[in-house]
Amino acid sequence: MNRVRRNRLLTVLFIFAGSAGAVTLMLLAANENLNLFHPPEQIVSGVAPVGVPIRAGGMVVAGSVARAPDSLDVEFVLTDYRGSDFRVAYTGILPDLFREGQGILVRGELDAAGVFRAVEVLAKHDENYMPPELVPIAAEAAGNAG
Amino acid sequence: MLTFKQFWHRLGSPKWFYRMSRPWFVAFAVAAGVLLGVGLAWGLAFAPPDYQQGDSFRIIYVHVPAAFLAQSVYIVLGAAGVLLLVWRMKMADMVLETMVPFGLWITALALFTGAVWGRPTWGTWWEFDGRTTSTLVLLFLYFGLYALRQAIPRAETAGRACAVLAIVGTINIPIIKYSVEWWTTLHQGATFTLTEPPAMPPVMWAPLLVNVVGAYCLFAANLIAQLRNAVLRREGGAQWVRDAVAAEAA
Numbered sequence: 001m002n003r004v005r006r007n008r009l010l011t012v013l014f015i016f017a018g019s020a021g022a023v024t025l026m027l028l029a030a031n032e033n034l035n036l037f038h039p040p041e042q043i044v045s046g047v048a049p050v051g052v053p054i055r056a057g058g059m060v061v062a063g064s065v066a067r068a069p070d071s072l073d074v075e076f077v078l079t080d081y082r083g084s085d086f087r088v089a090y091t092g093i094l095p096d097l098f099r100e101g102q103g104i105l106v107r108g109e110l111d112a113a114g115v116f117r118a119v120e121v122l123a124k125h126d127e128n129y130m131p132p133e134l135v136p137i138a139a140e141a142a143g144n145a146g
Numbered sequence: 001m002l003t004f005k006q007f008w009h010r011l012g013s014p015k016w017f018y019r020m021s022r023p024w025f026v027a028f029a030v031a032a033g034v035l036l037g038v039g040l041a042w043g044l045a046f047a048p049p050d051y052q053q054g055d056s057f058r059i060i061y062v063h064v065p066a067a068f069l070a071q072s073v074y075i076v077l078g079a080a081g082v083l084l085l086v087w088r089m090k091m092a093d094m095v096l097e098t099m100v101p102f103g104l105w106i107t108a109l110a111l112f113t114g115a116v117w118g119r120p121t122w123g124t125w126w127e128f129d130g131r132t133t134s135t136l137v138l139l140f141l142y143f144g145l146y147a148l149r150q151a152i153p154r155a156e157t158a159g160r161a162c163a164v165l166a167i168v169g170t171i172n173i174p175i176i177k178y179s180v181e182w183w184t185t186l187h188q189g190a191t192f193t194l195t196e197p198p199a200m201p202p203v204m205w206a207p208l209l210v211n212v213v214g215a216y217c218l219f220a221a222n223l224i225a226q227l228r229n230a231v232l233r234r235e236g237g238a239q240w241v242r243d244a245v246a247a248e249a250a
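Chains as they are written, first to last, in our numbering: chain P, 1 to 146; chain G, 1 to 250.
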């Protein structure tokens, strides 16, 4: 490679490295704010602020969903399966994919009693896809593995 | 047989490229038509529905190839930018000019199909999480490349300015890829990667694979066709172009 091209290449590398460094520092500085939601651990341990609009996420605990018979009020517990779980209260229609064991994102405020007052509930789909007829087989395999 | 160095050298020659590339275009165009036809019919009509999402999961057969291409096209633009700035390759500038609209549309398609899928699945059209926001930035980079070229009247200056923007913008590509691992996001992790077995059974990923390969063939066919047009536009005054066009017309 001749000298002219080598110098141009070095200039290009310098521009790229400089911009990459700047972007990396920006992302590191903003790191906490780039997370979309608080995991259950932060809600329980008090890291998440009380009385401020935030998002939280977790898995719906099996058997925890309690619907009011005469209104759209619903309560459920979200967990990380590692000992942190918190109660969510919501009024409204839940997404189609809402079910026990499903990852769920809630937007709202944490009250002083540690209950999350949600104004919006979103289903977080995981990366796994299955045809319906494979579900019993997969459940059995998971049971054997556990 | 050409050595790699000779091949590389000749690829930089508009004349050689124009003479050689017609059969390449036909091959990629036919492959894209067949693969996308088979893959889309298979995925949209014959693959089984998902156990949770039902039929709405089928949008993956358009969304994933579009999202792959959106990022790959940008990487190609970045590489063309390096070739233009360091080696002053004419063909690289043509790539940098002609592939921007294709990348822009395919990124828009990835965002649109994602929104259409997100509404029934997540419960929202749009959420500013790491993956969706960085992909939106990618769309804006394509808009920026398009606008920058239009804004600078002198072609050579415009090409170099676009090259710098394309190279710097590639920093966004790893951010898109790792956004779902670095931060908590609404978007799920990758279903389909080069390094791990897919998180779906073969009856579901086989049509997806066909569509992804077909989409890359479409990209290659589009790239070659656009480059052939760009060669004619830019080298239109040269004698060999007149000869070539006269030969094709005869």
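Quick caveat, the hints were computed from the structure, so don't treat them as lab data. Check each hint, because a few of them may be wrong.
[Unchecked claim] Here are the simulated SDA-like cross-link-like pairs (lysine to any residue), alpha carbons at most 25 Å apart as the crow flies:
id, chain 1, residue 1, chain 2, residue 2
1, G, 5, P, 103
2, G, 90, G, 155
3, G, 177, P, 103
4, G, 5, P, 4
[What the hints assert, rightly or not] If you anchor each label on the Cβ, the simulated ranges turn out as follows:
id, chain 1, residue 1, chain 2, residue 2, range
5, G, 75, P, 30, 48 to 58 Å
6, P, 126, G, 13, 22 to 32 Å
7, P, 126, G, 153, 25 to 35 Å
8, P, 84, G, 27, 32 to 42 Å
9, G, 140, P, 140, 32 to 42 Å
10, G, 27, P, 61, 48 to 58 Å
Every residue gets a Cβ at the ideal spot worked out from N, C-alpha and C, and that includes glycine.
Going down the list of hints, with the structure as the test:
Only pairs whose Cα atoms come within 25 Å are accepted, and residue 5 (chain G) paired with residue 103 (chain P) is rejected, the gap being roughly 53 Å. Under the criterion of a C-alpha separation no larger than 25 Å, the hint pairing residue 90 (chain G) with residue 155 (chain G) is consistent with the structure, at around 11 Å. The straight-line distance between the Cα atoms of residue 177 (chain G) and residue 103 (chain P) is roughly 21 Å, inside the 25 Å bound, and the hint therefore holds. Proposed proximity of residue 5 (chain G) and residue 4 (chain P) is supported: the alpha carbons are some 20 Å apart, at most 25 Å.
Range check, residue 75 (chain G) to residue 30 (chain P): Cβ separation about 25 Å, and the 48 to 58 Å hint is violated. As the Cβ distance of residue 126 (chain P) to residue 13 (chain G) is approximately 50 Å, the hint placing it in 22 to 32 Å is violated. The beta-carbon spacing between residue 126 (chain P) and residue 153 (chain G), approximately 51 Å, falls outside the hinted interval of 25 to 35 Å. At about 56 Å, the CB distance of residue 84 (chain P) to residue 27 (chain G) disagrees with the hint of 32 to 42 Å.
The hinted window of 32 to 42 Å between residue 140 (chain G) and residue 140 (chain P) is violated, with their beta carbons roughly 48 Å apart. Judged by the Cβ atoms, the range 48 to 58 Å given for residue 27 (chain G) and residue 61 (chain P) holds: they are separated by roughly 56 Å.
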